[in-house]
Amino acid sequence: METTSVLPLLILVSSLIPGTLILLLREEQVALRTFLNLSGAVAKVGLIAWVFVGYLRGQEYTFFFRLALDLTFSLRVDQLGLFFAALSAVLWLVTTLYAIGYLEGGKHRRRFFAFFSLCVTASTGIALSGNVLTFFIFYEFLTLSTYPLVVHRGTDKAVEAGRTYLWYTIGGGTVLFLGVVGLFVLAGPIYFGQTEIIADLISVYPTQLSILFFILLTGLAVKAAIFPLHGWLPVSMVAPAPVSALLHAVAVVKAGAFGIVRLVYDVYGIGVAEHMNYLNVLAVFAAFTIIYGSLRALFQDDFKKRLAYSTVSQLSYIALGVAIPGVLTSTGAIVHLVHQGIMKITMFFAAGNVAETYGYKNISQLNGIGRRMPFTMGAFTIAAFGMIGLPPVAGFISKWYLGLGAVETGSYWVVFVLLASSALNAAYFLPIVYRAWFYEPEYEVSRLRSSGRLETQALLLIPVVVTGLLSLAAGVFAAAGGSPLSIAREIAEKLYMP
Amino acid sequence: MTDLLTSPYPALLVGLPVLLATLSLFFRTRGKALVGLLGCLLTAGLAIVAFIEVAQHGTVIHILGGWEPPLGIMLRMDSLAAVFIGMTAVVGVFISLYAWQYFRADESGPGEFPLFWPLWLFLWAGLNGLFLSNDLFNLFVTIEVIGICAVALAVLSGKTTAMFAGLRYLLAAITGSMAYLFGVALIYGSTGTLDLGLLGQVLEPGTTTTFALLVITFGLMVKMAGFPFHFWLPPAHSAALAPVSALLSALVVKGAFYILLRLWMEVFGVSITYAAGQLIGLAGAIAVIWGSWQAFMQTSLKLIVAHSSVAQLGYLLMIFPLLILAPGVTADSADWLSPAWTAGIFQVIAHAFAKASFFLSAGLIIMALGHDRIESLRDLVGNMRITAMAIGLAGVSLIGLPPSGGFMAKWMLLKGIFLSGQWWWAPVVLAGSLLTAGYVFMLLRLAFAPAREMGTFKPVPKSLEIVALILALGSFLIVFPADYMIQFLESTGVFGSGIESIVEGGAYGND
Chain P
0 METTSVLPLL
10 ILVSSLIPGT
20 LILLLREEQV
30 ALRTFLNLSG
40 AVAKVGLIAW
50 VFVGYLRGQE
60 YTFFFRLALD
70 LTFSLRVDQL
80 GLFFAALSAV
90 LWLVTTLYAI
100 GYLEGGKHRR
110 RFFAFFSLCV
120 TASTGIALSG
130 NVLTFFIFYE
140 FLTLSTYPLV
150 VHRGTDKAVE
160 AGRTYLWYTI
170 GGGTVLFLGV
180 VGLFVLAGPI
190 YFGQTEIIAD
200 LISVYPTQLS
210 ILFFILLTGL
220 AVKAAIFPLH
230 GWLPVSMVAP
240 APVSALLHAV
250 AVVKAGAFGI
260 VRLVYDVYGI
270 GVAEHMNYLN
280 VLAVFAAFTI
290 IYGSLRALFQ
300 DDFKKRLAYS
310 TVSQLSYIAL
320 GVAIPGVLTS
330 TGAIVHLVHQ
340 GIMKITMFFA
350 AGNVAETYGY
360 KNISQLNGIG
370 RRMPFTMGAF
380 TIAAFGMIGL
390 PPVAGFISKW
400 YLGLGAVETG
410 SYWVVFVLLA
420 SSALNAAYFL
430 PIVYRAWFYE
440 PEYEVSRLRS
450 SGRLETQALL
460 LIPVVVTGLL
470 SLAAGVFAAA
480 GGSPLSIARE
490 IAEKLYMP
Chain Y
0 MTDLLTSPYP
10 ALLVGLPVLL
20 ATLSLFFRTR
30 GKALVGLLGC
40 LLTAGLAIVA
50 FIEVAQHGTV
60 IHILGGWEPP
70 LGIMLRMDSL
80 AAVFIGMTAV
90 VGVFISLYAW
100 QYFRADESGP
110 GEFPLFWPLW
120 LFLWAGLNGL
130 FLSNDLFNLF
140 VTIEVIGICA
150 VALAVLSGKT
160 TAMFAGLRYL
170 LAAITGSMAY
180 LFGVALIYGS
190 TGTLDLGLLG
200 QVLEPGTTTT
210 FALLVITFGL
220 MVKMAGFPFH
230 FWLPPAHSAA
240 LAPVSALLSA
250 LVVKGAFYIL
260 LRLWMEVFGV
270 SITYAAGQLI
280 GLAGAIAVIW
290 GSWQAFMQTS
300 LKLIVAHSSV
310 AQLGYLLMIF
320 PLLILAPGVT
330 ADSADWLSPA
340 WTAGIFQVIA
350 HAFAKASFFL
360 SAGLIIMALG
370 HDRIESLRDL
380 VGNMRITAMA
390 IGLAGVSLIG
400 LPPSGGFMAK
410 WMLLKGIFLS
420 GQWWWAPVVL
430 AGSLLTAGYV
440 FMLLRLAFAP
450 AREMGTFKPV
460 PKSLEIVALI
470 LALGSFLIVF
480 PADYMIQFLE
490 STGVFGSGIE
500 SIVEGGAYGN
510 D
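Quick mapping for you: the protein sequence lines, in order, are chains P and Y.
Residues in the first sequence are numbered from 0 upward in steps of one, following numbering that gives the first Met the number 0.
Residues in the second sequence are numbered from 0 upward in steps of one, following numbering that gives the first Met the number 0.
Hints may contain errors.
To be verified - Have a look at the derived ranges for each label pair, beta carbon to beta carbon:
1) P:E439 x Y:P449: 38 to 46 Å
2) P:L31 x Y:E452: 30 to 38 Å
3) P:K156 x Y:I465: 33 to 41 Å
If you are wondering where the hints come from, they were derived from the structure by calculation, not from laboratory data.
Glycine is no exception: its CB is placed at the ideal position from the N, C-alpha and C atoms.
Modelling step: build the complete structure from the supplied sequences, incorporating the hints.
Structure representation (structure tokens):
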């Protein structure tokens, strides 16, 4: 049953309107601003849950609006999009709480929260886009709404990072634009899932469509931080912790990764992409990025920088999973969209808590921090184990499926990449964990932490504990219905159905 | 010709602003401004009414004094003219409202310049006349009126820099007019007619026609600051008063483009070759890259905005190679003509809104700071939120990010480029976008940076900021009536046509 519905639009509006209104408020109207922000965040989660239930009952939601001439704005709810939208909405809610605590008393909070809301609008817009053009519109909107967040602190370093960030993302957007127009001219307005269009045309325009594939891939690879287009990500670390958390877990990097998933699965189709050998190229770059990112992470003492290079590495698991055709690898890739998100956001929250509470920004300062911040570092430890791929944390599931799928298709080299990467993950995360729990703290613990008080503000603590537990739950209950894995598996199985 | 509806509006569109401009000369300072503003509002209202008339009845004409052409003067308002007149009215009325408040602002304002009003109304009459003219000589007259008023407005501030820039502007304007007039004389000498419609039928290909085309194109290229004749634009546009800069960049240069487009498409088709189109396209492409790069290198806001105009006008020239078809291609089979025309029209309108907003914002910044060196833009966001927003939005449209009017123009241009197979223009469009992003974000980066010293910004009237913001929003809102507008443009006139090249051994060349 397919009917036009405003529900997908409402999902976007639930953050667009608060964002716009907050921009119009005065800086002092804190209560109203917080109310708008949180009610938008809660409404978004609620609406997505509503749509999710409807979708499971077989209801389809599409929203269609002819912008002008041949430009059509289309939102459509499908399983993959909903999956990503749910991730964005849940993490946005958590991060909003975190940001309220983190930025308390800071300057320009109105601007911050306004663009924060616009940023998640872009991210859910990307998730729910029904066609290539709509995806592109939100992809660019994301660049614009995240820029003020990256330069939020306004320091020279932040401004410089903002410049790097823009050159990469605007450059990537421009390349993507070329690809989108080219695709439009050759194949018309492609809606996601209409892979038969390219399948029919590939024999007519093999060269043009192949060039276009790589143009589109390049445009997306910038945000997905695939080597050699990853340079912006470690630099934009100067942004406040909630921004880094959201940028790294969902908003920007996932827009790129999700775009690659859409491009291969829902525009060109796996069949064409495999047949034309596009996937081999993607696999090589993804595998290289996995190793490269991990190696770079090893040598960072700056806590957030190490996390940033780890993101570069972890993201390419998604690209790698997409590049090896098969139900299992696809499951691994799709589920890692969510798993990497909740694990990485936990780590950034933890890093933010440490920096905000004690002012420690370097790993070498973290001696014994676990005794002072047991909950924060406990959550961090869970996430770190997940990143390494230890069961039963979420990251294990992703790696297991990727590895299993690689063996199944005979791509044994992928297993080596995964093992090497896991070893490297362990090499750069375990020292942090070890240092936090087993080193002697530099100060007397009891003096710093009076009993009966929380280790840091509640608004900073609750989010990190929640996402830490989610990372664990996603692994432990992976087999249960409604878990990220079971949904990812369903999506992947549908992809390979004849 | 008799089947077209005769309407008084074309004559009124020229007559009314002239009348009120003249009337305003009899008043003193404040009265001049009041009559002037009234004239602007009336002219804009009239333009809207005339637009509706054309929308309902198709092309309308007016024969002045009942003297039929070729003896008398006929004004002709087809849908293309109506769109340009409409754009001039909407953008013009906002600039007028801004000017009204801007010149009245005390202390920080530039003072009162009562002569602005009659000059602007004469200029407006000239522009309307240009869009409505149907013969070569009439066009010359309007070009002259526009040129004189524009130069006078450009030097209105009386500052030395404006005077020098104005002198160069005058020189360019005269060179352009003379070249154009020379071309017109050649055409008149060989055909005995000046009527555009008639010329389109009787013009014979040959050396004289080709030479006339060459000098006319040269003249108009100078007028519209097409590369490499753009040298006069940045100093003149940046030294003028804010509302004047906005008028010059948003509207005046578009007049020359309008004639160039009309003459190439309606009159000189017989002499135009594929190579000529490529050449104009090349000039446009270089303008896009060079202008954007120059804008990127400037250190004062108004110079950035002015150089950006050179680049943005370059995009307009880039539609010419798409409209002139390779030998053997028929206009019916060329499915890129409509996208190319749409790109041109949207570029004209989106740039008019965005650039007007940009210059008006720059004026406010000068009002607040006393100068426009960009290093002082630090913490603009904290001090002039609305202005910063206007600059941001206008900038996004200039870059061509969705869903702005500038995006529509670039989308259509790239589409036309791909459909026509002239893929070599595509990198230019992309490089232009990137460079534009470079200078727009250079400004925004500063705007977000924290202030080094406090209290450098003096307060400016909020109403002025809002006008700038409305114009910036306008460059986005124009996307929505696109369907209607393109349909309207296709209903009459040259929109969507192309020039078929002469096939080897045809009328031109061998014989």
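Results of checking the hints against the structure:
no. : hint                        : in the structure
1   : P:E439 x Y:P449: 38 to 46 Å : holds, 40 Å
2   : P:L31 x Y:E452: 30 to 38 Å  : holds, 32 Å
3   : P:K156 x Y:I465: 33 to 41 Å : holds, 35 Å
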